[in-house]
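Residue numbering for the sequence shown follows our numbering, beginning at 525 and increasing consecutively.
Possibly wrong hints are sitting among the right ones.
Unchecked claim - Pairs of lysine-lysine, DSS-like flavour, derived with a Cα cap of 25 Å:
#1 K751 x K594
#2 K751 x K539
#3 K653 x K747
#4 K606 x K751
#5 K534 x K634
#6 K747 x K654
#7 K590 x K606
#8 K594 x K747
#9 K654 x K751
#10 K606 x K747
#11 K734 x K747
#12 K539 x K590
#13 K534 x K590
#14 K751 x K634
#15 K534 x K747
#16 K534 x K734
#17 K594 x K539
#18 K734 x K539
#19 K594 x K534
#20 K653 x K751
#21 K606 x K734
#22 K634 x K539
#23 K606 x K594
Unchecked claim - Pair ranges (Cβ atoms, derived):
#24 P668 x D615: 30 to 38 Å
#25 V658 x K594: 40 to 48 Å
#26 I697 x D616: 18 to 26 Å
#27 S572 x L679: 38 to 46 Å
These are computed hints drawn from the structure, not numbers from a lab.
Treat the numbers as computed from the prediction; the structure is a model and nothing was measured.
The beta-carbon is built from N, C-alpha and C at its ideal position, and this holds for glycine as well.
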Amino acid sequence: MYLLYYDEVKHEPPKQTSFWLGGICDSAEVVPALEAELNEISQDAFGSATLSRDTEFHGIELCRGKGNFKGRNFDERLEYLKRILNIISRDDIQRVYIRIIPENITHSSKPPDEIAFMYLIEKADSLFKKLGTVGMLFGDYDEPNIGTSVASLSLYRQGGTRWERGRDIENIIDTVHFARSHHSRMIQLADVFLYCLQFYHQDNSARWRKAIEEVIDNSGIRKCQEKRVWPSEPTWYRL
Numbered sequence: 525m526y527l528l529y530y531d532e533v534k535h536e537p538p539k540q541t542s543f544w545l546g547g548i549c550d551s552a553e554v555v556p557a558l559e560a561e562l563n564e565i566s567q568d569a570f571g572s573a574t575l576s577r578d579t580e581f582h583g584i585e586l587c588r589g590k591g592n593f594k595g596r597n598f599d600e601r602l603e604y605l606k607r608i609l610n611i612i613s614r615d616d617i618q619r620v621y622i623r624i625i626p627e628n629i630t631h632s633s634k635p636p637d638e639i640a641f642m643y644l645i646e647k648a649d650s651l652f653k654k655l656g657t658v659g660m661l662f663g664d665y666d667e668p669n670i671g672t673s674v675a676s677l678s679l680y681r682q683g684g685t686r687w688e689r690g691r692d693i694e695n696i697i698d699t700v701h702f703a704r705s706h707h708s709r710m711i712q713l714a715d716v717f718l719y720c721l722q723f724y725h726q727d728n729s730a731r732w733r734k735a736i737e738e739v740i741d742n743s744g745i746r747k748c749q750e751k752r753v754w755p756s757e758p759t760w761y762r763l
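Can you build the whole structure from these sequences, using the hints too?
Structure representation (structure tokens):
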């Protein structure tokens, strides 16, 4: 069985012009090894591998020197980022993302986050099918969206995704499970992955941003097994 851990980057124009949803997918048997690798980095960075708010990793904090990495010099943060991206780029990890560009949607009956979640379900189900297995989804605990996500997945599993070219969902089991990021190393990996992916698509002309962009590019995490960018150009579509 495979497990998909995902996070989101909210649509906040003009700073963030897209809504991003995505994360990492791996076999249940691989999870302990991934946790052990990130725990080792936590021990080096914070002096403890115990899960807590003081030992959690977030992409924005690593890149911008905030939160748990406030006061750390740039080169040190960059090295920790490289180590985490090396985990995310492992051959036995599948990477998935959805990018919704609201300014290109001329009409829709659904908000960007709901559209993104629908596409994520389709891509997750497709990935599980290709892997010849079933899978479960785990999201970062975001209370306003929990009930909606659970209800949407239930509907999709019963009658397919709700659009003109909707698909049957057959390989996702159970419901969507949620965990706070400081309770799950896997959610933290999903957070760093998605933050870095959207970071790469920003204006990185500043020297410090260019350095991070190069680390992201060299890591290989941009090679994703499933993705959807929608709509790539202005379009009218009723979902």
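Evaluated hints:
1. K751 x K594: Judged against 25 Å, a Cα distance of about 33 Å means the pair is violated.
2. K751 x K539: holds (22 Å)
3. K653 x K747: With a Cα-Cα distance of about 19 Å, the restraint between K653 and K747 holds, given a limit of 25 Å.
4. K606 x K751: holds (23 Å)
5. K534 x K634: holds (15 Å)
6. K747 x K654: holds (17 Å)
7. K590 x K606: holds (17 Å)
8. K594 x K747: violated (30 Å)
9. K654 x K751: OK: K654 and K751 at ~14 Å, within 25 Å.
10. K606 x K747: holds (16 Å)
11. K734 x K747: holds (19 Å)
12. K539 x K590: Satisfied, since the Cα-Cα distance of roughly 18 Å is no more than 25 Å.
13. K534 x K590: Roughly 18 Å between the alpha carbons, so the hint for K534 and K590 holds.
14. K751 x K634: holds (20 Å)
15. K534 x K747: Holds. K534 to K747 sits at ~22 Å (cutoff 25 Å).
16. K534 x K734: holds (23 Å)
17. K594 x K539: Holds, at about 22 Å.
18. K734 x K539: holds (18 Å)
19. K594 x K534: holds (23 Å)
20. K653 x K751: holds (15 Å)
21. K606 x K734: holds (14 Å)
22. K634 x K539: holds (22 Å)
23. K606 x K594: holds (18 Å)
24. P668 x D615: 30 to 38 Å: Between P668 and D615, where Cβ atoms are some 36 Å apart, the hint holds.
25. V658 x K594: 40 to 48 Å: holds (42 Å)
26. I697 x D616: 18 to 26 Å: The hint (18 to 26 Å, Cβ to Cβ) holds, given that I697 and D616 are roughly 21 Å apart.
27. S572 x L679: 38 to 46 Å: Holds: the Cβ-Cβ distance is about 42 Å, inside 38 to 46 Å.
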